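Please construct the entire structure, taking both the sequences and the accompanying hints into account.
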Amino acid sequence: MNYSELTKIMRKLALEAGDRIMEIYNADDFDVKTKSDASPVTEADEAADALISAGLREAFPDVALVTEEQADSHGQDVSTFLIVDPLDGTKEFINRRGDFTVNIALVEDGLPTRGVVYAPAKGRMFYTDSVGSSVEEEGPFDHDSPGETKPLKVTDPNNSALMVVASKSHRDQATDDYIGRYEVKDMTSAGSSLKFCLVATGEADLYPRLGRTMEWDTAAGHAVLAGAGGRVVRFDDHGTLTYGKPGFSNPFFIAYAPGVELKKG
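Counting from 1, one number per residue, gives the positions in the sequence shown under my numbering.
Mixed in with the good hints there might be a few duds.
[Claimed, not checked] No farther apart than 35 Å at their CA atoms in a straight line, the calculated lysine-lysine pairs in the DSBU-like style are these:
id, residue 1, residue 2
1, K91, K264
2, K122, K153
3, K185, K264
4, K12, K122
5, K122, K263
6, K150, K8
7, K91, K245
8, K245, K263
9, K153, K245
10, K153, K91
11, K122, K91
12, K150, K12
13, K91, K150
14, K122, K150
15, K8, K122
16, K264, K153
17, K153, K8
18, K185, K153
19, K8, K185
20, K185, K122
21, K153, K263
I should point out that these hints are in silico values taken from the structure, not numbers from a laboratory. Computed from a prediction, not measured in an experiment: that's the story for all the values here.
This is the structure we're talking about:
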């Protein structure tokens, strides 16, 4: 894999998808359908998926592709693959809250090694560079020429005053009970894969997720966090969260800066 080329293509496809998503987001109305698992899907999900999938298949025809919106890609048995969530945070999109992201990642031997997370409504873009280190690019964004970037690094956390980020749409009592086991200075909520990025930038120390997610929800954010020195582990045994699992379904997990003293669930 040519990582420099991959970074350039993932970044450009994310920006192009983001433009298409924002065209639909800013329209007076848009179609919302319900998938078989009762989750919503919009024309923005489908348009972004078509654009990204076509671009990745053209550039990397020999690499397996898994994408949320193409059910026939979910039965693959692969450990190295590209994985896409064209619009993570569909509920945020529908409710016009802005916390939605475009996610594209490369998984190699079961671990996300490269990824881009673009939040078009917030004008924030995070990605791994050609050597796997994570950066945030400052806008405005040109499709072909990256702008100024700043390297990302997780915090050296104070376990007596932790910053915690949790889901905006999926908070529950179990999550609150687990967070209550830590000494928390402040809490914030965010939608979609932005939560991984807030840990990567040092804006948060800890993101626990006690709820259902799929690998396309997490791979790009996981890659960005890993490239900033962070970790993502299973909630049950604190083992590394791996990818290419049957059906691409995740267990509960914890994303964190390594200095956090993890509590057992």
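| request: Report the numbers of all earlier hints that the structure fails to satisfy, in ascending order. | output: 19
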